[in-house]
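Trainee: Here is how the chains run, residue by residue.
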Amino acid sequence: MNLLQAELNYYLRSPIIWIILALSAFVSAWSFLLSVEFFTTLQVKFAGMSDAPTITKGIIFPLIGAESKILIIIVSIIGGLSFARYTETYSSHLVTNSLLTDTQIIKQKYIAIFLISLLFIVPTIAAIVSLVFISKIQIYTISIAILGLLLLMIWMLAISMLISIFVSNTGFSILLCIVIFMGLLLISQSDLDSSWGKNWIQVFSPFYHFKQFTNDYLPLSSICYFAVGSILSLWLVKIRLMHKRYML
Amino acid sequence: MCFTSRVEYFILKPMHEINLTIDSLTCIYRKQKILNEINLSLNNPQAVTLLGPNGAGKSTLLKSLAAVLYCQSGTVSINALDSEKDRLKYLLHVGYMPESAAIMPELSVLEQLQFTASINQVSNTEEDIERVVEICQLKQVIMKRTNQLSLGYKQRLNLAQAIIHKPQVLIMDEPLNGLDPHLIIEFREIIKQMKKECLIIMSTHYLAEAANISDRVLIMQHGKLLDNIDPSTFENFDLEKLYLEHTKEVGAV
Chain A
1 MNLLQAELNY YLRSPIIWII LALSAFVSAW SFLLSVEFFT TLQVKFAGMS
51 DAPTITKGII FPLIGAESKI LIIIVSIIGG LSFARYTETY SSHLVTNSLL
101 TDTQIIKQKY IAIFLISLLF IVPTIAAIVS LVFISKIQIY TISIAILGLL
151 LLMIWMLAIS MLISIFVSNT GFSILLCIVI FMGLLLISQS DLDSSWGKNW
201 IQVFSPFYHF KQFTNDYLPL SSICYFAVGS ILSLWLVKIR LMHKRYML
Chain B
249 MCFTSRVEYF ILKPMHEINL TIDSLTCIYR KQKILNEINL SLNNPQAVTL
299 LGPNGAGKST LLKSLAAVLY CQSGTVSINA LDSEKDRLKY LLHVGYMPES
349 AAIMPELSVL EQLQFTASIN QVSNTEEDIE RVVEICQLKQ VIMKRTNQLS
399 LGYKQRLNLA QAIIHKPQVL IMDEPLNGLD PHLIIEFREI IKQMKKECLI
449 IMSTHYLAEA ANISDRVLIM QHGKLLDNID PSTFENFDLE KLYLEHTKEV
499 GAV
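Residue numbers (this note's numbering), protein chains in the order written: chain A, 1 to 248; chain B, 249 to 501.
Hints listed in this document are in silico derivations from the structure and should not be mistaken for laboratory results. There may be inaccurate statements among the hints.
Stated by the list, open to error - Derived BS3-like pairs: lysine-lysine, alpha-carbon spacing no greater than 27 Å straight-line: (1) B/K402 to A/K244; (2) B/K489 to B/K337; (3) A/K238 to B/K496; (4) B/K279 to A/K244; (5) B/K444 to B/K414; (6) B/K489 to B/K472; (7) B/K333 to A/K244; (8) B/K281 to A/K244; (9) B/K496 to B/K281; (10) B/K333 to A/K107; (11) B/K496 to A/K244; (12) B/K279 to B/K440; (13) B/K402 to B/K444; (14) B/K337 to A/K107; (15) A/K238 to B/K333; (16) B/K333 to B/K414; (17) A/K244 to B/K472.
Claimed, not checked - On the chain A side, residues computed to face chain B include the following (Cβ under 8 Å): (18) N2; (19) R13; (20) L94; (21) R245.
Backbone N, C-alpha and C define an ideal beta-carbon position, used for all residues, glycine too.
Using the sequences and the hints, build the whole thing.
Mentor: Put into structure tokens, the structure is as follows:
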């Protein structure tokens, strides 16, 4: 049993993961059905409009948007537990003092939390894919939005791992992740854009960059934002892991 | 308990000379010297006990030896392998048993051992798990979750994890804490068997056990090594008297 397997075991054996999975699946399904109902109710009105919203914009984008908000809770719990629980159970040195290098530790732990988080967005992706068979949707546009959702998740997981290594209490670690991500979400929802020119603080929010993926093209600057942010966070985790060995 | 039947399992690595050297080790925490210019050289096989009042720096010294902690100045090395620069090679030789058992509550005892074996790159996993299960008598609880174990079994598992990769230097931080007399006797026998083959460095507050087990006793206070005693050189070795003489100036910190 390697570190990756042990990590997956930990998460899959935690009742909280299954409770959250059930709740998030329920919320996602509810959002999906609401979008479908809303869209079908307005079908008659759409018929007379020249630029009526498509299924992609009327059903799928709101669903992906809702999923990005649900991710705040999911990622905070999964990522927030990653290192903090070791410190809490005095078992951190078991891993950090083994023959694994710091890079291997971070890599295996990160893959584990990524796979577990993926569990939560797979049902949404499955719901979207199912629409392909019953309607005409813009696959390219949707693929870009799903890519945005995945990049947002990758970025948030790296940040939550970084928060987790600085905190020795799992509850506090999760709470801190939620507060930070909620703050970033609020920043992205500021409406100052149009009337006062560009609101630069929005650019720091991952949710602002996620929104850029709901267009028909690949936003390269946002891809760079997510890639650089994730790599930088994981690099800081490595530095912190090394630094911890010098702390009494 | 029949320890003689378990003797064959104690064989660790093919014995070769091990020299552990501590050179001017100084650890500072919030402007206070937790370890102050520690110099020491130890060879295997023997059991060394570290004594001292609370806050003397025993755990910090043991963590430094186990490469869990690096100090601001000074070096720790095994056969010229530096604990910091040659970290992974150094760790191959060292087993560390911390004061609180480092266990993952969601795993069973067997899974925990498989996990420890994997991250320590043990080649014959099954064979080595069998060996440590036998030494530490974990057979009864092998399928139990680690969070359901009693303190005694947690300490056995803690020891099993420390020796699974057959280290030649075994570092134990207060291994007898909280154990009942039967378990203390069992741990004493295990240590006596293991000290034939490896260098054991342990801290304890049980002076009688220290006198019984040790080939060498180190007394620490205020981060300094006050004395390095070889009990065999004394005609009537009275560790309690010696300890109190060295540490009479201070109580617990």
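Trainee: Could you run down the list of hints and mark each one as holding or not?
Mentor: Each hint, compared with the structure:
no.	hint	in the structure
1	B/K402 to A/K244	holds (25 Å)
2	B/K489 to B/K337	violated (41 Å)
3	A/K238 to B/K496	violated (45 Å)
4	B/K279 to A/K244	holds (18 Å)
5	B/K444 to B/K414	holds (14 Å)
6	B/K489 to B/K472	holds (19 Å)
7	B/K333 to A/K244	holds (16 Å)
8	B/K281 to A/K244	holds (18 Å)
9	B/K496 to B/K281	holds (20 Å)
10	B/K333 to A/K107	holds (22 Å)
11	B/K496 to A/K244	violated (35 Å)
12	B/K279 to B/K440	violated (39 Å)
13	B/K402 to B/K444	holds (25 Å)
14	B/K337 to A/K107	holds (21 Å)
15	A/K238 to B/K333	holds (17 Å)
16	B/K333 to B/K414	holds (22 Å)
17	A/K244 to B/K472	holds (24 Å)
18	N2	holds (5 Å)
19	R13	holds (5 Å)
20	L94	holds (4 Å)
21	R245	holds (5 Å)
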